[in-house]
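A.B. asks: Sequence:
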Amino acid sequence: MWKILLNFICISFALCSCNQQSEAYAPPVFSTIEEIHSYRLSDELIIGYPMDMFVNESYVFILALADNTWLQVYDKNTGEHIGGFVPKGQGPGEVVTGTTCSYDEEKHIISIFDETSMKLLTYHFNDDIKKSFTFIDEKAFYNCGASVRRVWPLKKDLFFIDGQLGTASEQQKRFQLMLDTEVINEYNDFPVSSYTERLVFMSPTISISPDRQKMAVGTLYGGILELFDLSGNIELRTLEKFYPPIIQCLSGAIQNTEETIWGFSTLCTTDDKIYSVLIGDKNPNLFNNISVFDWKGRPLIKYKTDCLVLKLCASPKESGKLYGLAFSENKEFYLVSLTV
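In my numbering, the protein residues as written are -1 to 338.
Honestly, the hints are just simulated from the structure, not real lab data.
Dumping the calculated SDA-like pairs for lysine to any residue here, alpha-carbon to alpha-carbon at most 25 Å:
hint	residue 1	residue 2
1	Lys271	Arg38
2	Lys129	Glu103
3	Lys153	Asp125
4	Lys117	Thr203
5	Lys129	Pro314
Sequences are here, hints too, so could you generate the full structure?
C.D. replies: Have a look at this one:
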């Protein structure tokens, strides 16, 4: 009798745990779904895999290796290739492996993080970028005592870091704020509990708002959206768990399974909104959407696109205008603009 009762309790607990776990995740519900058409700006772009992109009042910038240069610049109206900048290499102003780029619109300064050398390099240009593009300075992070995965400048001498800096620990860490050479704040909480699930946060999609006061973080495996306030310390303001990160770890590497639901493949932000490609399916090839959220994590609208969108950036001067890097079924990259 006791054995039967114990089995019943165990089964009930297991069912309850499963229900609680499933209830913790809920797909976003968009009250409005619209179809939009893209405008193709360019022919096929002969570039390596694009790591990042942004747009200013004149140009679209893509961080991708081509002809031994890392920064490809295009006219945002015609798609014309203006030129390649930032040589590949280890000399002054050169980059071995570019992973992130950011743009200070007010100062016309571009920052690129080199993952291999663990340096943040900065460049300046004026209206005529061909004549004025100049290497300014670099900041080294390789002597900080731990690994640094990515870096973004926030304001003078203040940097946001995706890495292992701060309090010494062998455990996986997340984010740090560094003022000059000192870590002044760190954030190491995870919205998941298991070690395997935490691995998806080693390389999430990250976008910092133009005012550098907010940050959106989205996972590719599963669909977890975290929204942070960066105006003081690193503070989590909103957590939305859309899909669980169902993965397996083989020889230290993340592998998807047949049950994996794919999440955020790219994010870009304005001071008001978050634009994303949220796959939300077991089919990893559904890049034909742009899902929009506000900074409270509320789903606003979902656009079905007529192209497969790999990367996105928002124009700071054109409200409702997005620029993207799309790819064809033949894996050809090309520039598009979209009005949302």
